[in-house]
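Trainee: Sequence:
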Amino acid sequence: MTFVNLVTMETKLKEHLIQIAGRLTPESTLEDVYEQLSLLADIELSEQQEQSGQILTQSEVEQQSKEWLK
326 MTFVNLVTME TKLKEHLIQI AGRLTPESTL EDVYEQLSLL ADIELSEQQE
376 QSGQILTQSE VEQQSKEWLK
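For the sequence shown, the numbering used here gives the first residue as 326, with consecutive numbering after it.
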């Protein structure tokens, strides 16, 4: 991993934590923060995969499912 990648990851982490902090309540737990952070990371990864063309259409998934279930 390059230095630039590490800095980018750190920046994204800070952005996510700031976003989460704005939604915390006095009842929030560390587990709540972790779950929200994980969700935001998954969403970001999905968006990156979509932008780079690493996704399948519904019909492609259906076709692959048929092939797997043969």
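Please keep in mind that the hints were generated in silico from the structure rather than gathered at the bench. All residues carry an ideal CB built from backbone N, CA and C; glycine is no exception. Keep in mind that a hint or two might mislead.
[To be verified] Simulated restraints on C-beta separations: (1) ILE343 <-> GLU372: 37 to 45 Å; (2) LYS391 <-> PHE328: 41 to 49 Å; (3) LEU338 <-> LYS391: 17 to 25 Å; (4) VAL386 <-> GLU352: 33 to 41 Å; (5) GLN379 <-> THR336: 17 to 25 Å; (6) SER384 <-> GLU340: 32 to 40 Å.
Trainee: Next, verify each hint and record whether it holds.
Mentor: Verification of the hints:
1. With their beta carbons about 19 Å apart, ILE343 and GLU372 fall outside the hinted range of 37 to 45 Å.
2. Evaluation of the 41 to 49 Å hint for LYS391 and PHE328 yields a pass: the beta carbon distance comes to about 46 Å.
3. As the Cβ distance of LEU338 to LYS391 is approximately 40 Å, the hint placing it in 17 to 25 Å is violated.
4. Taken as a hint, the range 33 to 41 Å holds for the pair VAL386 and GLU352, whose Cβ atoms sit roughly 39 Å apart.
5. Evaluation of the 17 to 25 Å hint for GLN379 and THR336 yields a pass: the beta carbon distance comes to about 23 Å.
6. At roughly 35 Å, the beta carbons of SER384 and GLU340 sit within the given window of 32 to 40 Å.
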